[in-house]
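Engineer: Quick note on the numbering used here: the sequence shown kicks off at 349 and runs consecutively.
Result set (BS3-like, lysine-lysine): computed pairs, CA atoms no more than 30 Å apart in a straight line:
| id | residue 1 | residue 2 |
| --- | --- | --- |
| 1 | LYS549 | LYS501 |
| 2 | LYS534 | LYS423 |
| 3 | LYS409 | LYS493 |
| 4 | LYS476 | LYS549 |
| 5 | LYS549 | LYS423 |
| 6 | LYS400 | LYS501 |
| 7 | LYS443 | LYS400 |
| 8 | LYS476 | LYS413 |
| 9 | LYS443 | LYS524 |
| 10 | LYS534 | LYS524 |
| 11 | LYS409 | LYS476 |
| 12 | LYS501 | LYS476 |
| 13 | LYS476 | LYS493 |
| 14 | LYS413 | LYS501 |
| 15 | LYS549 | LYS534 |
| 16 | LYS413 | LYS443 |
| 17 | LYS534 | LYS443 |
| 18 | LYS423 | LYS501 |
| 19 | LYS559 | LYS413 |
| 20 | LYS423 | LYS493 |
| 21 | LYS476 | LYS534 |
| 22 | LYS549 | LYS443 |
| 23 | LYS501 | LYS559 |
| 24 | LYS413 | LYS423 |
| 25 | LYS443 | LYS501 |
Distance windows between CB atoms, simulated:
| id | residue 1 | residue 2 | range |
| --- | --- | --- | --- |
| 26 | THR522 | GLN396 | 36 to 42 Å |
| 27 | TYR475 | THR441 | 24 to 30 Å |
| 28 | GLU513 | GLU465 | 20 to 26 Å |
| 29 | TYR398 | ARG521 | 31 to 37 Å |
| 30 | MET392 | LYS501 | 37 to 43 Å |
| 31 | THR437 | GLY520 | 30 to 36 Å |
| 32 | MET469 | TYR398 | 16 to 22 Å |
No lab work stands behind these hints, which were simulated from the structure alone. Backbone N, C-alpha and C fix where the C-beta goes; we use that ideal spot for every residue, glycine too.
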Amino acid sequence: MHSKKTWLTVLAIGLCAVATNRVLSQDNGGKPPAGMPKMSAEEMAQMQDYMKLMQPGDAHKHLQKMVGTWDTVTKMWMGGPGSPPMESTGVSTFKSVLGGNWIMEQHTGSMMGMPYEGVGMMGYDNYKNLYVSTWHSNMSTELLKMSGSRHPKTGVTTMYGTMDEPQLNVHGRTVKYVSTPDGDDKFTFAIIDLHAGENYKVIELSYTRRK
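With these hints in hand, go ahead and build the complete structure from the sequences.
Structural biologist: Dropping the structure here:
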């Protein structure tokens, strides 16, 4: 007979075990910690699988290389590819947070002559096998979300997401985000509007690590 508990219930039951990084308390004769309901063998196996998904892997170690302070140059093509870009400079700081599962970027600079601040979170979803990221800024109330993969040979990370265009009364415009490394101390991050064209780059940030 299968357990009637839902997976969310199993997850809730195991949270105290996750917090101590063990399912059973070895200091209590192998008994569950106080207040933790007894789990079946099936539930124990499910929780152990979940705990494996929690652990940072090679993809997370790759993201750790971004930790540090970077100078940025932003180019924005208001008139589309081929038009003179607007340029501005800024600074981004990357920090390892939440046990190494995530990298947090804090960016300060300017955009169209106005102060710009942004905060991003990037990680790797072990269950989906995808890089995932979010972006928040002082110039929008929209939460940008993106996900994708990293090419094993070139190191280029390509992600896709959606972006609203209030000026055009458009919701969910498909956008491509491409991060291209240039050694360990430089990389570019490009935003491409797929509705306008496969290579219609609207923004590109160039990052150079501070020594």
